[in-house]
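**Q** With the hints as extra help, turn the sequences into a complete structure.
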Amino acid sequence: MIFKSKANKALDKMEDPRETLDYSYQRQLELLQKVRRGVADVATSRKRVELQINGLEQQGKRYEEQGRKALSVGREDLAREALQRRSNLQTQIADLKIQHDNLQSEEEKLTTASQRLQAKVDSFRTKKETIKATYTAAEAQTRINEAFSGISEEMGDVGLAIQRAEDKTANMQARAGAIDELLASGALDDYSGSRTDDIQAELDRMGGGMDVELELARMKSELGQGPAPKSAIEQGQPQQQPQQQQAQPNQQTQQFRQPGEGA
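Residue numbers (our numbering): -15 to 247.
None of these hints come from the bench; they were simulated from the model. It is possible that part of the hints are untrue.
As the list claims (entries may be wrong) - Straight-line distance between alpha carbons at most 30 Å, and here's what the computed DSSO-like set of lysine-lysine pairs gives:
no., residue 1, residue 2
1, K45, K81
2, K116, K104
3, K93, K81
4, K104, K18
Said to hold, decoys possible - So the derived label-pair ranges between C-beta atoms look like this:
no., residue 1, residue 2, range
5, R11, E41, 27 to 37 Å
6, Q74, S29, 17 to 27 Å
7, P1, A160, 28 to 38 Å
8, R109, T153, 50 to 60 Å
9, P1, Q99, 43 to 53 Å
10, E206, A168, 26 to 36 Å
We put the CB at the ideal spot given by N, CA and C, even for glycine.
**A** This is the structure we're talking about:
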């Protein structure tokens, strides 16, 4: 019982109604062909009986003529024999006519059955094509709905592939970001370029912070909230330029003084 139930379920899943309808239509056509062949066979038999009847009737007419000729020449015995044979032929003709009538009746029945079967086959063909078209449309609509909802096998595979690709991309991006941070911190050595030690890294970090402070000071100066920022070079030089500028006028004054004048 279990095997039959599972086999029936498997067959039901594999069955295509369109193929089943086409097979049924083919079987009906074969049956109709057999009925037509039967009608042709009965008609052939009927025609053969008709030919036999016609042949026996012709033979009976010849026996009748032979009997008349025998009587005309005074051969009554020959005339009696001819009429006896003609009588036997009449019996055969009567039996053949009975067979002919039966065959003709059977032919009419088969012809009527063939016409009815032909009408049934034509009706089934029309209904078959209608059902096939409806089933095909329903199947297409089902596939479209499954594609939109994502529950079809094809779309499910596509969705899984996209999900796996997104997960791998996210993992790769996270790995790349982690490696960049490790390279920047000096935890990992960069063998593809120049090696930077921790002191240089700290100086670079401080320089980046100084650039930010200078940019902030420049923006404050533009907004009128503070003095103009000094460049890094100016900040690094010692504050001796004003004294030198004051010393230069004194030297010039000493050059223009006359000898003997006081300092």
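**Q** Looking at the structure, which of the earlier hints fail to hold?
**A** 5, 7 and 9
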